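Let the sequences and hints guide you as you build the complete structure.
Residue numbers (our numbering), protein chains in the order written: chain A, 11 to 276; chain B, 11 to 276.
Simulated from the structure, these hints should not be mistaken for laboratory data. Do not rely on the hints blindly, as some may be mistaken.
You can't tell identical chains apart in this list, so a pair holds if it fits in one copy or across any two.
[Unchecked claim] Each computed SDA-like pair below joins lysine to any residue, with the alpha-carbon atoms no more than 25 Å apart:
| no. | residue 1 | residue 2 |
| --- | --- | --- |
| 1 | K158 | I169 |
| 2 | K214 | Q136 |
| 3 | K158 | S45 |
| 4 | K223 | A28 |
| 5 | K214 | E142 |
| 6 | K214 | L225 |
| 7 | K158 | Y171 |
| 8 | K244 | L106 |
| 9 | K244 | S70 |
| 10 | K158 | L106 |
| 11 | K214 | L226 |
| 12 | K223 | H46 |
| 13 | K244 | D56 |
| 14 | K214 | S105 |
| 15 | K244 | D211 |
| 16 | K223 | T235 |
In this text, all values refer to a predicted model and were calculated from it rather than measured experimentally.
Protein chains: 2
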Amino acid sequence: MNITFIGAGNVAWHLAPALENAGHQVNEVVSRQLSHARQLVSLLYDARPRTNLNLTDSPSELFVLTVPDDALPDVCSRLVLPENAIVVHTSGSRSLDDLNGWMQVYSDVPARTGVFYPLQTFSRSQNPLDFEGIPICIEAADPDTEAKLVTLGQEISSIVYLVNSAERRILHLSAVFACNFTNHLLAVAQNLTEAHDLEFDLLKPLIRETFRKALLAPNPADVQTGPARRGDQKTINTHLQMLADQPRLMEIYEVMTESIRGKRGR
Amino acid sequence: MNITFIGAGNVAWHLAPALENAGHQVNEVVSRQLSHARQLVSLLYDARPRTNLNLTDSPSELFVLTVPDDALPDVCSRLVLPENAIVVHTSGSRSLDDLNGWMQVYSDVPARTGVFYPLQTFSRSQNPLDFEGIPICIEAADPDTEAKLVTLGQEISSIVYLVNSAERRILHLSAVFACNFTNHLLAVAQNLTEAHDLEFDLLKPLIRETFRKALLAPNPADVQTGPARRGDQKTINTHLQMLADQPRLMEIYEVMTESIRGKRGR
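See the structure below:
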């Protein structure tokens, strides 16, 4: 397949090389900033950096939107595609209907639309990732596009699922709890330890083991430990006293503790 | 050293074999339930299961309390030790002063007290753990006991720190955020996905990568991602709507989001 990436950020940084390694050709990388497009192009075989969203002259069949979610409506409004183009976004939080709306309202030429959502966190600072174990969630507005996207997904990953927009939204929300919020709790723990001149590294073996266990157990809830789980009110009270001058952390402590104790259900 | 374990739970299950592997002799395992003591004894070379807390006839020099934190005052009140015994607890949340208080008030014979706190999570269902990479936090009421406990710690782990009770309390509180609360967030994510017939396994590659990154980064805060970090209010609003019938989860979502955005500081 001939492919154009629109957006040269974290997702494109990993997905474009992975598609090339699977035998596809990335022709173009479009970015508002030519320097960003050039950086990604330097990882690719024979792609051209561009800034213009009028892509009627493009040789590509597939256009992959990897701009930030918030930028999607504006980018789609200025996107002009060749006939019969397939256009997909890679977002967990935006629906296929959203994309259809943006493309119909703003574009001159109707496109075949879909979603190609790799359920992973990407950073430009890493070496390109192996997608083999990364779930790819596919959705498309028509069966032909769906089949093409599934085939493409299977060429880079062994975990390809058809996931509709409502399901993808749930996965994304779940990932916010399981990843974004957990990451923040690690940051909180680092702040607490370092504020008392203790090394955060001391906690790392415990953190690693906690996650290893949680992901091995049939249910993370089965391996829940700690004062809230035990109903150890003495320790909970001590902890709340220790957090008296940090109301934000006290609030996190309280709602997490109540949720673990199931006082008010889920 | 000749050692007696008081408590046959998760910590003893791993620590007793580790101390034996380092060349020490576990003489006795005391548990309220003889069957529990017997189970642990079956892992050890030549230990004797007991239920009685009058241990004046014990050949041991070191008595390791591994009962639940809440049970410590009661157990200490009934504990009778031989002269010159060293008694340590293994708790993150109870101070050395607590132990001194329980031992002075209740025991007939004064003991040399200390804390031997392995900063790890233990389950009986696992094979005995290698303590090599597990931080051991030591505290003692006198220098001679401290030296003995440090030596003992260094025989099983390469990470032995002197940590006073106030510092240990901070480590324990930090671990509640970094481990207990994060584990609960994984359970929340599982509930959310499975309530919509989605496999929790789909999220596991993302969770693994999130933690790998967070623990490799100089600061987990540096690799924070997600709608709260980006200030993506549209996604945040959608997520809150999706949680409308789960007030507990909505509350977690709100306090975590506000904490990430730093609206009200830490």
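Earlier hints that do not hold, by number = 3, 9, 13 and 15
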